[in-house]
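Q: Use the sequences and the hints to build the structure in full.
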Amino acid sequence: MNVLEFTVLVALGSFVAGLLGALTGLGGGVVLVPLLTIFFKVDIRYAIGASLVSVIATSSGAAAAYVKEGFSNIRIGMFLEIATTLGALCGAFLATVVPTRVLAIIFGVMLLYSAYLSRKPRPRAQRNLPPDPLATKLKMNGSFPSEEGGMRPYNVQAVPAGFSLMFGAGALSGLLGIGSGAVKVLAMDQAMKIPFKVSTTTSNFMIGVTAAASAGIYLSRGYIDPGLAMPVMLAVLAGSLLGAHILMKAETRVLRVLFAVVIAFLGVQMIYQGVTGTI
Amino acid sequence: MPRNWSDQNIEQMVGNLLRTGVTVSALVVFIGAVLYLIRHGNSHVDYHVFHGEPPELRTWSGILHSVFSLHGRGIIQLGLVLLILTPVARVVFAIWGFAAEHDRMYVIFTTTVLVILLYSLLGSGSAF
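Heads up: the sequence lines are chains A and B, in that order.
Residues in the first sequence are numbered consecutively from 1, following this note's numbering.
Residues in the second sequence are numbered consecutively from 1001, following this note's numbering.
Please note that a few of the clues may not be correct.
Unchecked claim - Estimated spans, in silico, between C-beta atoms of each pair:
1) Gly149/A - Gly1052/B: 49 to 57 Å
2) Phe1068/B - Arg122/A: 46 to 54 Å
3) Leu1118/B - Arg119/A: 38 to 46 Å
To be verified - Quick look at which bits of chain A chain B covers, simulated, 3 or more residues with Cβ under 8 Å:
4) 77 to 88
5) 164 to 172
6) 205 to 219
Hints in this document: simulated from the structure, not taken from any laboratory.
Keep in mind that this is a model prediction, so the values were computed, not measured.
Heads up, the beta-carbon is just placed ideally off N, CA and C, and yes, glycines get one too.
A: Pasting the structure below:
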């Protein structure tokens, strides 16, 4: 395969990944690394570098739209970014010493878990919780535009638990070159009882900063190859922007099931190739 | 500086900053891509074995040198560096915003995040 053919094919695959990631809300980054390693036979370290760069592009692109709508909470995001960036540093350092086979297996397990999470019903949100002293001291409580109109206030809970989970989310992001939005949403929505819409948009807001923390290390270690990162970054960005644009009109339930099946399949593949050492 | 500087203002401006950063870096990557594909479109591709990037594509001075020599790959790399710097700029901007609100606690939190980011970009025998 020559450079032109490779670039076009990788761009096509990345475009579809970005589109599906935005439409299903599961993120395109999660299928990029398996796509590159399994189908294009790219070394997992190059794949992780390219994926991480595309994660910064899509999250910053999407966050630009979200912040204006007033859903994301900049204080919650900034405070928790201390945990995610520290985690990302640790993850990126780990990535440089962990054997690629082990990386592939961890990646596979993460994919299976994401597929499982996306099918698991979300417990009903608890409303009108009492203010938590620590969250109040940190000025995290806020309000957001509700569906019934007007602003709905919320009180943030369990800050230490959320902070620890965020460290884990950052470490996964740095280790695997993904946004790990699912874990971030889990930390905010489930542990800290932040309304789902605020959790998802704030998580998106945090992904770029988290990824930037490991990107510096990736760059200096030579993981970011311009020839590979170029089609991935441009096409994922284009795909996710289109996905966000048609999201309002599309019925995505069937798509979510399909995408979860694809993710699970890729997870099994990654684990298999990691175990047999063919990656 | 405006008197009732609110979170809303900061968020609006952060949104514009992110959009500009992503647009500019995508354009730079695209320009580099055109040069790279015209010159090397027919070359053989191999990412199966990891070699790591050469110094001109992983150090600040190397990338700049490569850009001034109008190398496609160097220009793409510059675009990617601009992309990585976009969230960093956002953090700097947030520090300024919280300072304008006289919110000392959040100035400290945000500065901590900036220090961690700079450590990744500058420290530990890193790229810059």
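Q: Now look at each hint and say whether the structure bears it out.
A: Hint check results:
1. Separation of Gly149/A from Gly1052/B is about 55 Å and conforms to the stated range, judged on CB atoms against 49 to 57 Å.
2. At roughly 52 Å, the beta-carbon separation of Phe1068/B and Arg122/A lies within the given 46 to 54 Å, and the hint holds.
3. At roughly 40 Å, the beta-carbon separation of Leu1118/B and Arg119/A lies within the given 38 to 46 Å, and the hint holds.
4. Counting residues of the stretch 77 to 88 of chain A whose C-beta lies closer than 8 Å to any C-beta of chain B gives 7; at least three are required, and the coverage claim holds.
5. With a cut-off of 8 Å between beta carbons, the stretch 164 to 172 of chain A has 0 residues touching chain B; three or more are needed, and the interface restraint is violated.
6. With a threshold of 8 Å between beta carbons, the proposed coverage of the stretch 205 to 219 of chain A by chain B holds, since 10 of its residues qualify and at least three are required.
Violation of the numbered hints given earlier is confined to hint 5; every other hint is satisfied by the structure.
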